[in-house]
Amino acid sequence: MSSYDGKKLGALHRHLHAHMPSDPALRVKALESLAIEKGLVAQETIDTWVEMYSEKVGPKRGAQVVARSWTDPAFRERLLDDAGQAIKEFGFEGHATEHLRAVENTPDTHNLVVCTLCSCYPFAVLGMSPIWYRSAAYRARAVKDPRKVLEEFDVALNDDIKIHVWDSTAELRYLVIPERPDGTEGWEEDRLASLVTRNAMIGTQRDLKVT
Amino acid sequence: MDGPHDLGGKDGYGPIDVDAPPFKEDWERRQWALSKNVPIPGGTIDFWRHGIENMDPVTYATQPYFAKWCLNEIAHRVDQGLFTMEEVLGGKPESRQDPPAEPLGMVGVLARLRANNTDFRVTMETAPAFTLGDRVRTLNTPVPGHTRLPAYARGHGGTIIAHHGGHLYADAGANGEHRGEHLYTVEFSAKELWGRDEPDTVCLDLWEPYLVRS
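If you're matching them up, the sequences are chains A and D in order.
1 is the number of the first residue of the first sequence in our numbering; add one for each residue after it.
1 is the number of the first residue of the second sequence in our numbering; add one for each residue after it.
Chain D with its partners taken away, still in its complex shape:
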C-alpha cells in the first residue's frame, strides 16, 4: 500500500539528529520489552507491520516510534480477541491466564533473546527464474495490501547480485499465508533511481513476484 511508512526518497526532511541515543524515555525501553515478552500467537510479522502501515498518516508522522508500537501491539491484540477494547480503555482485566507467566531472570531473558532467532527460509519446489548478473525490472503498479517493494524502486531496472533461495513471502504473510518465493538482492544505480551521475548504488532484497526480466 502507498502508506505513510514508505519514506525512501521523499523530500522535505531536514537534518538528521545524529546524536540521538537509542532511547530517550523510560517508557520506550518498557515498550521494547513488552513487544518482545508478551506473546501474540495468532499473527505474522508481516501483518504486524501492516497494522502500523494502516495508521492514519498524520498520526504515523507525528507519534514517536515506540508510541506507534504501543498502539499497534494493543490494536493487534484487540483484533485477535486477546484484549477487549473495554479492558484497554477501562484498565480492568475481564479474564486472566492461569497460571500466570513465570517471571524470567537474566538467564531466562538471555535465553529468550537467543530463541527468538527466526529462520525465514522455505524450501522451494520451483527453480529460480533469475540468476546472478541477470538484468531485471521491478513492477510499476501499486499494491493495495502489504508489500516490501518501496515506491521509489518501482518500475526500475537493476541487476541480480545475490540469490537467497526461498524466503517466506511478506505480501502473502500479511494475508496469513505461509508461502515462500525466491528472494534476490537487486542492485540499482543512483543514475537509474535518481537520475544523478554518481557511482553509488542502492541494493534491495526483493522477492521474485516483484521482478520481470529486463
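Pulled out of the complex, with its shape left as it was, chain A reads as follows:
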C-alpha cells in the first residue's frame, strides 16, 4: 500500500536522484532490469508494447474517428454526445479515453487542448503525445496566450474567431474535431482520414490541407 505521504515521496525522489546514475537511459535500464529479474514483467511484453505504440496506436486512429464524423451525421451526434462510448465502435478505447469529449471547430470558434498540471492526453486514440505538448513552454503559455502559441504553429486566427482552451484538469480528455476541408465532397472515409493530422486534433492546426 502507498503511504499517501507526499513528503515521503519527495524524500524518496531526492534520494534516488542523488544516488542513481545521472543518465536517464541508465535509470530506465535499471528499472527495466529489476522489474524483469523480479518476474514482474517479461522483456517480450515491453518490446511488443513499444512496437504497438510505433505501429498500431497513433493519430491514425483519431483521424478515422474524425473522418467518420464528417460522413456519418448519426455517428457525429454520438461522438459529440459521448466520445468515450463512440470510439468503442472502433475498439479504440484504452488509456485515458473513457471520459473522452469531442469539441468541434466551427467557422467562428477554434478549440485548443492542454494539460497545465501534468500532461493528460487521450493516448489510446492519438498515440503518444508530441514532446512539445508535454513541454513547460506549451503548458505555461497555451492558457494565457493561445493566439501567440498558435502563431508559432503557423496558425493565424482572425480576431473574431473565438478560442476555447480546454485545460484537462480532471479525468476528461479532449479531442478536437477540425472542420472538413472544401473540395472533399464525395470522398471515402479512408481518404478523408489521410488529411487529418495529430496537431489538428489537439488544436495546433486549424485548416487541413487537401492533397
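If a hint is listed, it holds; no wrong ones were tucked in.
Below, simulated DSSO-like cross-link-like pairs (lysine-lysine); rule was C-alpha separation at most 30 Å, straight line:
(1) 191/D with 148/A
(2) 36/D with 88/A
(3) 144/A with 10/D
Here chain D is said to cover these stretches of chain A; the calculated rule only asks that three of the stretch's residues, wherever they fall, bring their Cβ under 8 Å from a Cβ of chain D:
(4) 11-17
(5) 23-32
(6) 40-46
(7) 49-57
(8) 85-94
(9) 115-123
(10) 168-179
I should point out that these hints are in silico values taken from the structure, not numbers from a laboratory.
For every residue, glycine included, the Cβ atom is placed at its ideal position computed from N, Cα and C.
Given the coordinates of chain A, assemble chain D onto it according to the supplied hints.
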C-alpha cells in the same frame, strides 16, 4: 500544493519546439512501456501524480519528461515496499515473483491497452449544487496536498457549461480515499483570468468543493 508542476500562465518560457516528435530516445519508449506493464497495485493515479509534484523543483524543471516518470515509478515502488532501495541502487533482486509474469505478444498488449480503459464515475447520493449556466467562483486558498485546481484559476468567476455527475475526487484519491464529488466544466473568460479584452475562454474540469456560488 503550489509545486513546480503548476505551470499554467507562468511567464518566461520561450518558443515551443513545434517539430518535436513523441519520442526522441529509445529509453523514453521503454519507460512508457514499463509504466503501463509493471503492476503497481497499492496506490491511486492521484497519489502517483502527487509523487511527481513533490520532486525537488529544480529537478522537476530540468529532468526530461520520461526521466521524471522513471524516478516516480521507482519512488512509488519503494514507498509501497515492492522494491527496496538496496535493490534499486544495487541492481540485485532480493525476491522474485513466482511464477514470473507471462510474456504478452501483440494480441495480448492490444487487449491490455483496451482493458486499461478506466471509468472514474461515481454514483452520488447528493444532488449537484450547481446547474448549467450558474455563475461560480473558485476558492482562493492554496491547498497543501494534491489538487487539480491550478493556481491561475484560483479566486476567479466563471460559468458552469457542463455537469458530468460524480467522478472520483482527485484531492481525496491522493490520500487513498475512494470518494466521488460532482464534476463540472467551468468556462472562464480571458478577460477574467488575464485582464485582456479578447473573446477567448479557458475551460477547466473542476470538482464541486473547489467552487462557491458567485
